[in-house]
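Taking the hints into account, I'd like the entire structure generated from these sequences.
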Amino acid sequence: MITKREVEYVAGLAKLALTYEERDRFTEDFCGILEHLNRLDSLDTDSVEPIACILPYNNVFREDVVEPSMDGEKVLENAPDSLNGCFRVPRVV
Amino acid sequence: MYHYMTAHQLAEEIRKGNASASEIARSAMDRIERLDPEIGAYITATGDRALEAANRVDERLAKGEAVPPLAGIPMAIMDNICTQGILTTCASRMLYNFIPPYSADAYERLEQAGSVLTGKTNLDEFGIGSSTQGSAFKKTYNPWDLGKVPGGSGGGAAAAVAAGMAAFALGTDTGGSIRQPAALCGVVGMKPTYGRVSRHGLVAFASSMDQAGVVTRDLRDCALVLNHICGYDPRDSMSANVAVPDFRAGLGEGIKGFKIGIPSEYFGEGTEQGIKERVQEAVKVIEGLGAACDEVSLPHTEYALSAYYIISSAEASSNLARYDGIRYGYKAEDYTDLEELFVKSRSQGFGEEVKRRVIIGTYFLTSGKLDVYFIKAQKVRALVKADFDRVFEDYDLLVCPTSPVAAYSDQPAGKGDGHPLNTCLPHTFTIPASLAGLPALSIPCGFSEGLPVGLQFIGKPFGEEALLRAAYAYEQSTNFHTMHPQV
Amino acid sequence: MKYETVIGLEIHAELATETKIFCGCTTRFGGKENTHCCPVCLGMPGVLPVLNRKVVEYAVKAGLATNCTINRFSRFDRKNYFYPDLPKAYQVSQYYYPLCEKGYLEIRGTFGSKKVGITRIHIEEDAGKLLHDAEDGSTLVDYNRGGVPLIEIVSEPDMRSAEEARLYAEKIKSILEYTGVSDCRMQEGSLRFDVNLSVRPEGSNGLGTRTEIKNLNSFRALVNAIENESARQVKVLESGGEVVQETRKWDDVTGKNTSLRSKEEAHDYRYFPDPDLVPVVLDEEYIDRVKRELPELPDVRSRRYVEEWGLPEYDAGVITASLPLASFFEECVKEYGGDPKAVSNWVMGELMRMLNEKGIEADGIPFPAAHLAGILRLVDDGTISGSAAKRVFTEMFETGEQPKVLVERLGLSQISDEKVLTEVIKRVMDKNPKSVEDYRSGATKAMGFLVGQTMKETRGKANPALVNKILKQLLDE
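Residue numbers (this note's numbering), protein chains in the order written: chain G, 408 to 500; chain D, 742 to 1228; chain P, 5 to 481.
Just so you know, the hints here were simulated from the structure itself, not pulled from any lab data. Among the clues, some could well be false.
Rough simulated footprint, nothing fancy, chain P against chain D, three-plus residues with beta-carbon under 8 angstroms [what the hints assert, rightly or not]:
id	region
1	842 to 851
2	934 to 946
3	968 to 982
4	1105 to 1114
The model shown is predicted, which means the values in this text are computed figures rather than measured ones. Virtual Cβ for every residue (Gly too), placed ideally from N, Cα, C.
Structural data, given as structure tokens:
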């Protein structure tokens, strides 16, 4: 079970705003989804090591050697708002 | 006249001087112009670039230079794969104007081989979905029946290849986004072992499963394209530093003596009757080729979908957080402060299914829920993998349906409606191999009520050669790969 | 009621690598905004991190130098939150499996000596920088610093005063400098402190509600912030209030201590293993190799100065706290070849005084160690007097010139030639027969007058010790 308040809280963490209609619909969907997912509880996994990475790799490194960076202009090419070679956002206190 | 030729046939025509790369490119672009308004496979067609690239190949040929076998071959690229200087949208309003200053490793390799980009194909937004109806820009329809979906998320790539609007396509497969649409569109779709192809330049959906792969019209092309895109790339920590064989070399060696497992869990009540029948017929053909087929069990299959849903949503929630309206992509017009800039840009930039998955994915990672959902799912993932490990001790390959359903009208009628995970349900049979990082491919094995059915081969880690060899043996004893939709 | 302050520190140090943690962009400080960036450190779609090998080596060094256990298995996690300086909207850090754990450092001060526990040292990436544009009131983002490798050193809440916290922080700084792990340029923000502080009635064992003061980047700010916040909390409690758990900001210029975030604001960072990075697994051989590469650490060096060179413990502690100062000192001792104590007197005295006066760090001493050794030798061989040496030193600090050149230029060399001095003294004695008479009849005080006259005659350049010796001989004849 998940409540409307929880859905709003989690959407807030994800920086998403929901209309009341969306919130209600999502809450209902999520309740159904979570109920379905709870079937995983029937599996005893106490002694199972979780898999975070499917390949058995360790210690993949790059050497500490400088490579060219991008042109300043290129950096800002896709920026919706920029000023003086920087990305611009509303004032942050 | 070139549009249904395979890449290797086209290469032969080019080599013999029967066709020029420019003629082939023009033919492909004409076909896109004629068919795509109805099919909707492409988000961006790159006609001018295609002709330039084809001309370059022709110039090299004119100078008597030897060119790689894929030179001059028209290819489509799924629009979540970065192509330097070319719009890459992920079918999202969020990236409606994003032009990457870099290319994906796999695309780079094909570009170097001289393949000619016809355009960027449609998908469910950010690869999240299984119908290609969840794109912010257009819907893609199945060339075999324009009233049906092509599968997804890479429905554009599969439809483009099926309808002869490209000889092959490069796509990504996280839970089945290449294999399932290939099955529904009657073409070959393959996802190699996780780590075989660099993820550099693939826009991330679920990083621990994202893998590039190919859509082709036959197995020989599949092997040919794989030869080009596989290989170590130091830009991806997961890239496998292992030798890449010539996948074409062993294709014709047959499968006499192969031990093939048929997992019984893939033939339950969720699988359409027509699909079960076609796959069972295919198994008979395979047995006829000298392979021993036994029923096997992968008991955790029924939990794979849930585990996948949790892991992919959680990873996506983090991967898609970078779209905040500051550095690239969509930014809301009206906002008064930083918080509003974030929230409005993201709420307006993402479509409904993406929002749904990001929110629930965020939920799975919150402090009280991490163990209950995310870690639990990672443990179930280990169980799913252990099922495969155990079966592969005795068997070389597994054969099963690629999709429980054939092409459907928007949502799987009577099957997924009302199912809480209905957007993933058509990937039920592709997801387990994704969770286990295994190579898997789908190949046409007939029709159910006039719609293509896909046969899935699943192999051992880095066991692509056996996989291709078995599928090729099957393909060569059938003629499904020579059948094309009437469009 | 008397209160006790309980302090824990989180220290962020930028590592001295050439390149960023996950890409080949330079870590060089400064540069035009957004010119040390690439798709990886800008968090562009589809690009991936690959860990800089040197980062692990430096973090292991830091761990070994602070008596930590080096975990054989460590891994990277994503810390998810939105902020304009964080391009991927997550920071790659090590939450569940940090590289180093359970270390400690020993500090010595007016309270005696004590151990400060180190909970963990983990690797993470730095964020970009926000600049506030005066023209239109907006905020500008520069990602040059984004992705620069950091280690975060988290202490136990073992410190009880600003002095202890400062000593601990200074010790961390000197260890990072000694090991070459970080250049610790505090004015460039490459070493930053977060303070966790609470107060409790003296004698109580429980912990009070703590506040966190973020991003202090000088020892002065650290001390001031701790004293101010500690006093503030005591005042809140004494007026019957409650300390609110929150993040606070200390402005060292204005001395303002303000609340940054209220506790209501939700913070759930949703840590989970980064699926783009593989674990770091270290074996004994690797750790042993790094251990062998560790230089002599400040404590060991300090002990050596005391035991082998006879320096007072205090002097040895001060000199070894700063690697550049200790290096300067040792080089000077080597060049000089005489008593290290004499060198230490100069370093602790004149050199430290000038550095403080000019606000220069020990890595900016404007002359080579050989110059100071030169001054010491000139004093020893009688070329200059002690007071002249100080003048030479002051001048040398300004100009960086060779002491011999300065002695020449300033006309400070002493007359130590016995023949010359005997001549002069004879002349003085001839001119002052009364004083000679007085001395010889027992009024030995008269000798002082004659010395003075000799110095006057040589315009202060006569070697006073020699003058005394020769004069006495001549008078006693």
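Failing hints, ascending? The structure breaks none of the hints.
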